[in-house]
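A.B. asks: So the chains spell out like this:
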Amino acid sequence: MAKALRFRFSRGQELKYIAHLDMLRVFERAIKRAKIPVAYTQGFNPRQKLVFGLPMSIGLTSESEYADIELVEDMQPEEFVTQINKGLPDGLKAEEAVSMNTRDNIMNQITAARYEIVFEVKEPRSRFEIDTIIYDLLSREEISVMKKSKKGPKPVNIRPSIYSMSAGKIDAGKFLMKAFLSAGAENNLRVDLLMQSFSQETNLEINIISMHRKALYASTYNEWKNPFEVAND
Amino acid sequence: MHPLTMMQLKIDDSILLKVEKPAKYTGNEWNMVKKHLNNIKVRFAFCFPDDYEIGMSHLGMKILYHILNKREEVYCERAFAPWVDMEQIMREKNMPLYTLETYTPLSEFDMVGFTLQYEMSYTNILNMLELGRIPVLSKDRTEGMPFVIAGGPCACNPEPLADFVDFFVIGEGEEVILEIVDEYISWKEAGESRAEFLKRVSKVEGVYVPSFYDISYNEDGTIKDIIPANSDVPGRIRRRIIKDLDSVDFPDNIIVPYIGTVHDRIMLEIFRGCVRGCRFCQAGFIYRPVRERSHEKLYEIAKASAQNTGYDEISMVSLSTSDYSSLPELCNNLIEFTEEEKISLSLPSLRVDNFSLGLMDKVSKVRKSGLTFAPEAGTQRLRDVINKGITNEDLVSSVKLAVSGGWNQVKLYFMLGLPTETMEDVEGISKLSINLIESCRDITKAHGKALNITLSTACFVPKPFTPFQWEPMEEMDSLMKKQYHLKDLIKKRTRNIKYNYHDARISLMEAVLARGDRRLGKVIYTAWSNGCKFDGWDEFFSFDKWMEAFNECGLDPKFYANRKREYSEILPWDHIDMGVSKEFLIRENQKAYEGDLTRNCAAGCSACGAQIYKTGICTKTRRGLVYGESTEV
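Heads up: the protein sequence lines correspond to chains A and B, in order. With my numbering, the residue at position 123 of the first sequence is 524, and numbering never jumps. With my numbering, the residue at position 454 of the second sequence is 494, and numbering never jumps.
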């Protein structure tokens, strides 16, 4: 039994067209509909105590998102999963939950994310050609992209945020890119930004078919961990 | 096939990821109605001629969606005007406008219904019809094509849209829409022609088939006569109303959009109509008589809605919340459960003169929302002309009350260009605003923050079925002069007063369309052909294109907007009977010029004509005002 839970959820095709804040609202309403005994913040504008691991941009699906929720009554993790799913719409599904007892929240713990991106190339390329392009790109010390900041766009070197990147061919013109990227509050590389830069820097005209998040990780002492493993750190 | 699979086939990411807020176009929201098409006898596309975020905020659509879908053999679906980015792609890819429930093009529906909330959305109707592959002009629609119908407040003068709409529904839709559906089913079973259906439906009370009426004109351009084509057709079309609000279904399982909309909350309609007869206000006349929903029923609806939607806000909806007779009971009951469930409760359009401190305190326990006051005019003289029974003292004391209750943001709404308005009245607006800040200084000193006012002025647009329906709209230049003058007057106060004003050119077009006749159909068609759409949006409105359209059609906008009409003139909407009589409106018009107030319906009957409906407040024994007697005459 626990008063704080960490849960993993997936987001499918149906719900991939909404932005992060909208998804937050979808969850808040689902929690109310499902009558989850969620805790609220104090004050005139009470909010549910609900924290997401990493925002999801429009277009992204995922099989492995994490969120922390605080409750006012004890609840079994399994019961929580069954219950919240009654309030969630098609396209969002809680998969599993664990009790949690950490002062750190999930948002601060997430440090990396794994993605799969399906893309098409306008001109036919072999697997070897794409490999070479990626190899050349990753050999650079600096890959500069313009990132939005408070003072307007400014150049940022994203090379250190790319931990790995590789591509396999699906069929003529279609490739599957796997990318392992820095993520989280401290240094986040958005996958759409990576793909945009990939296309620009290599002069490869691509059309993105899908972007999918495979996993999120927390790290402690240079070891990638499943966020459930650090739920009680 | 599940709708979503169809969507994946038809609209893929290459489209959806290129447009802003793609969730406007994907449907499948929580509580969306899903039905098997094989059992459906009538497919109804409810169309809102504006953006999804506006349309999904509209209560009328939620009500009719619910009422229609409760009938097993009827499927009501939704369509909205696609935003410009989406429209461009749809046109490039030759994609028809479709409904969000089943991705069906509008052309495949039995009936396509538009709600007329605002005159400036008329071009969007034409645009949606074209995008939906339906001939824009009624006369071009042939057997097998959908019937295009329209209703809503602007339908009280349907004439400008007579060329495009097969028939109009005048008044409240809950009952008549089902009568129309029944007529459709029996017509279809009888295998009759399109023209036969229009004949059948013209006999349904509240339905207006414009093609059954001939309009002739005098040499000066005014209307000579409105003649029904045959004796089967009613000479006047009487507006439909719901006699007892508790007897009709109200939705407690409304669709919850995935993206934020303008009114993204539970809307609790507490009553229809308004006892106050503010002379500029169309809503104050076309929804008479006042009919309330019982507070017990409202409480049930609120509880069920909260459970079914997960919304964290409930807002009462009416023209004047504080005139609801069981407001204390309703609030007490609602506050108890909303507090427990962390739902915020909003009470909009509370009147200045009977604002209750106790109520305000209770509501603020939950959440404090902004406060809005609508004095409408800057001087007592002009407020008397428009029958807005508020005094300066009322306003000052209410704002003071609000400020001591913790609010320090106040919105003030005024109108420029009201009949008889002078520069002195305009200056009154700035005096009143500054006076409010000064009067509250003692209280605000304690917070260290002066009162902040957002001042908005709209341009007065004379509307049908109001005592000002004969009045000219003020000339644009003169309106602009007033706007600039007011801006100048509060220049030194910009730290505490923010001033917004409406584009006078949009208001002019609104005035033309509101009181236009059916010759304007040509102008609307031409303007739309020249690219006009989303005319209510500053960024899309093109005054020049509209003026060109008038030129091309040989019509003068001033004839419709800026001309003083005689009481004896036949008005384009004279064959529509909204319940208030012309005699009453003439009396009110004359009283306006004398600055003579008319008591509100709660205080006594002024014989407006709505007694014919024999319901609501017209049948109640008169009682005194529930809150505050300050406006009593």
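Fair warning: there could be bad hints in the mix.
One-sided and incomplete, this derived list gives chain A residues near chain B with beta-carbon spacing under 10 Å [claimed, not checked]:
id, residue
1, Tyr441
2, Gln449
3, Leu451
4, Phe453
5, Lys523
6, Arg526
Please keep in mind that the hints were generated in silico from the structure rather than gathered at the bench. This structure is a prediction, so every number in the text was calculated from the model and none was measured. For every residue, glycine included, the Cβ atom is placed at its ideal position computed from N, Cα and C.
A.B. asks: The structure should be examined with respect to each hint, and the outcome stated for every one.
C.D. replies: Structure-based check of each hint:
{"no.": "1", "hint": "Tyr441", "in the structure": "holds (5 Å)"}
{"no.": "2", "hint": "Gln449", "in the structure": "holds (8 Å)"}
{"no.": "3", "hint": "Leu451", "in the structure": "violated (13 Å)"}
{"no.": "4", "hint": "Phe453", "in the structure": "violated (16 Å)"}
{"no.": "5", "hint": "Lys523", "in the structure": "violated (13 Å)"}
{"no.": "6", "hint": "Arg526", "in the structure": "violated (20 Å)"}
Checked against the numbered hints listed earlier, the structure breaks hints 3, 4, 5, 6; every other hint is satisfied.
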